[in-house]
Amino acid sequence: MEVRRWISSTTSLAAAALLLTAVPVVAHHSSAAAYDNTKKVEHQGTVTKVLLKNPHGFVYLDSTDEKGQKIEVVIEMGGATGMVRQGWTKDTLPIGSVVKVSGIPSRAPGSHGITEAKFTAPDGTPIAPTPRPEYTDR
Amino acid sequence: MDGFADWLKSTTISAAILHYPWIWPLCETIHFIGLALVIGIAGFFDLRLMGFMKPVPVRAARDLMPLAIFGFVLNLTTGVAFLIGHPEQYVNNAAWWAKVAFLVVAGLNALLFETILGARTLNLGAGDDTPPMAKLIGAVSLVSWLGVLYSGRMLPFIGDAF
Amino acid sequence: MSFTVWLEGSALAVWTRESGSIWAYPTILTLHTVGLGIVVGANAVVDFRLLGFVPRLPVPSLTPLFGFMWFGLVVNVVTGVVLFIAEATTRATQPVFYIKLTLIGLALVNTKLIQTAMFRDPALFESSIIPQRDKRLAAMSLLLWIGAITAGRLMAYV
Numbered sequence: 000m001e002v003r004r005w006i007s008s009t010t011s012l013a014a015a016a017l018l019l020t021a022v023p024v025v026a027h028h029s030s031a032a033a034y035d036n037t038k039k040v041e042h043q044g045t046v047t048k049v050l051l052k053n054p055h056g057f058v059y060l061d062s063t064d065e066k067g068q069k070i071e072v073v074i075e076m077g078g079a080t081g082m083v084r085q086g087w088t089k090d091t092l093p094i095g096s097v098v099k100v101s102g103i104p105s106r107a108p109g110s111h112g113i114t115e116a117k118f119t120a121p122d123g124t125p126i127a128p129t130p131r132p133e134y135t136d137r
Numbered sequence: 019m020d021g022f023a024d025w026l027k028s029t030t031i032s033a034a035i036l037h038y039p040w041i042w043p044l045c046e047t048i049h050f051i052g053l054a055l056v057i058g059i060a061g062f063f064d065l066r067l068m069g070f071m072k073p074v075p076v077r078a079a080r081d082l083m084p085l086a087i088f089g090f091v092l093n094l095t096t097g098v099a100f101l102i103g104h105p106e107q108y109v110n111n112a113a114w115w116a117k118v119a120f121l122v123v124a125g126l127n128a129l130l131f132e133t134i135l136g137a138r139t140l141n142l143g144a145g146d147d148t149p150p151m152a153k154l155i156g157a158v159s160l161v162s163w164l165g166v167l168y169s170g171r172m173l174p175f176i177g178d179a180f
Numbered sequence: 005m006s007f008t009v010w011l012e013g014s015a016l017a018v019w020t021r022e023s024g025s026i027w028a029y030p031t032i033l034t035l036h037t038v039g040l041g042i043v044v045g046a047n048a049v050v051d052f053r054l055l056g057f058v059p060r061l062p063v064p065s066l067t068p069l070f071g072f073m074w075f076g077l078v079v080n081v082v083t084g085v086v087l088f089i090a091e092a093t094t095r096a097t098q099p100v101f102y103i104k105l106t107l108i109g110l111a112l113v114n115t116k117l118i119q120t121a122m123f124r125d126p127a128l129f130e131s132s133i134i135p136q137r138d139k140r141l142a143a144m145s146l147l148l149w150i151g152a153i154t155a156g157r158l159m160a161y162v
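Protein chains in written order, with the working numbering: chain W, 0 to 137; chain G, 19 to 180; chain Y, 5 to 162.
The set of hints was computed from the structure by calculation and includes no laboratory data.
Interface residues of chain W toward chain Y, partial, derived using beta-carbon atoms under 10 Å:
1. V2
2. W5
3. I6
4. T10
5. A32
6. L51
7. K52
8. N53
9. G78
10. T80
11. G81
12. M82
13. V83
Over the 10 Å line for every Cβ pair with chain G, so calculated as not near, a few chain W residues:
14. D61
15. D64
16. I94
17. V97
Ideal Cβ positions, reconstructed from N, Cα and C, are used throughout, including at glycine.
Given only the sequences and the hints, what does the whole structure look like? Please build it.
Shown next, in the form of C-alpha cells:
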C-alpha cells in the first residue's frame, strides 16, 4: 500500500478514535476521578447483591432518597484479592439484611454510587469482617 | 510515616490533584508510557550487557539512554503526583516499599556502571562478548526494573489501603 | 444464554475474577503490563533508530527486536483474552475497548510495514539519512502505540 495514503488514513482513524474516548460515559473507577472526596453521604437500605470480584467488588442496596423515591445505592469496594484477605465473604452482608453505609459520593450526575464505604447495622454497630487467619501472615 | 502522609494530604496540591477528575487518569496513562520507554530501552541495553544480540555495538545501544531517562522522569513526576494525592495508599503498602527498594537497586546499579565499570565495556563493538561484571550489572538492572514494574502493578492487590 | 454471559460464567473467568489469590487477576494483569512494556518498548527502539536518534546503531542488528515484539504480543493476547472473559459482558459493550483493539491492529500493520522496509534494503539505512516515508512510519508507530496504551488505561474509566 502506498505509504502516504496509509499514514493519512491511519492518522484520521486514530484521531477519531481517541476523540471518542474523551467522552466519559460512566466515570466509575479510581476514587479521585469518579468520586468527590470533599463530600460525605449516608444511606440505609436492604442488601440486594454482593459481588466479591476483581478488579473491584460491589454491594447493592435498595434504599430511598430524601424525597422518598426508591433508589439503588451502588457501593464500590476494593478488589477480591484484598477483600478476601480482610475476611470478607458473601455472608458478611447477608442478602436481605438492612445496613447503614457512609462514604464519599460519585461525581456522576444522578448516580447514587459510593466508595470508601463503612458499614454499620441500623443501630450503629460497625460491621467489619474478621481477617482470615490463613491470609494474615502476608 | 503516618504523620508525613497526613501532612501531604493536607496540602493544596494534594487537594488539586484529586479535585480535577482527569488528572489521575492522565498521570496513569503517562506512567504507562514512561514504563514502556524504560523497559524497552534499558531492557535492550541490559540484554546487550548480558551478552545477547552481539551484532549491536555496546556504545550504540547506550546512545538511547537519554530517552530512557526521559521515560524515567515522566514516571518520577507522575509517581510523586500519586504520592501527594493519596499518600495513605502508598506509605502503608508493602508493595510500594518493595517498589522503592527495587528503584534504589536499579539506580545504584546504573550509577556503578556509569562511574566505575562502564568505560571499558562501552568500547566493545559489534560481535564482542562482554566481561562477567557487565553481565552481572545487566542482569541486576533487568531484574530490578521488572521488579519495579511488578510491585507497581501489584499495588492495589497487596496491602489493604486501596 | 448469550455468548458473553456464557464466557463470564466459565470456570476460568470465575477463578480470574473472584479468587482471592495473588496468582489470579493480579498476576494476569501484571503479565499484561510486562507484555505491553516489551511490545511498545521494542517498537520504540526501532522507531527511535528510524527517526534518526541513534545513527550509530546498525539497522540489521535490530532484527531480534521483532522477535521480542511477537513474544510480548503473544503474552498480551493470552492475558488479554483471560482478562476479557472475566468481565465479558461489560467489556464487550465498552467502546474504548474496541478503539484499543483498532489502534493495536493498525500499530501491528504499521510495524509490519517498517519491518519490510527495513530489511528489504538495509544498506539504505547505513547513512544517517533515513528516507522520509520510513521516518513517517516510525512516528506513526509511536503515536499508535501511545494511543493503544491510552485507550487501554481509559478502559478503567469509561
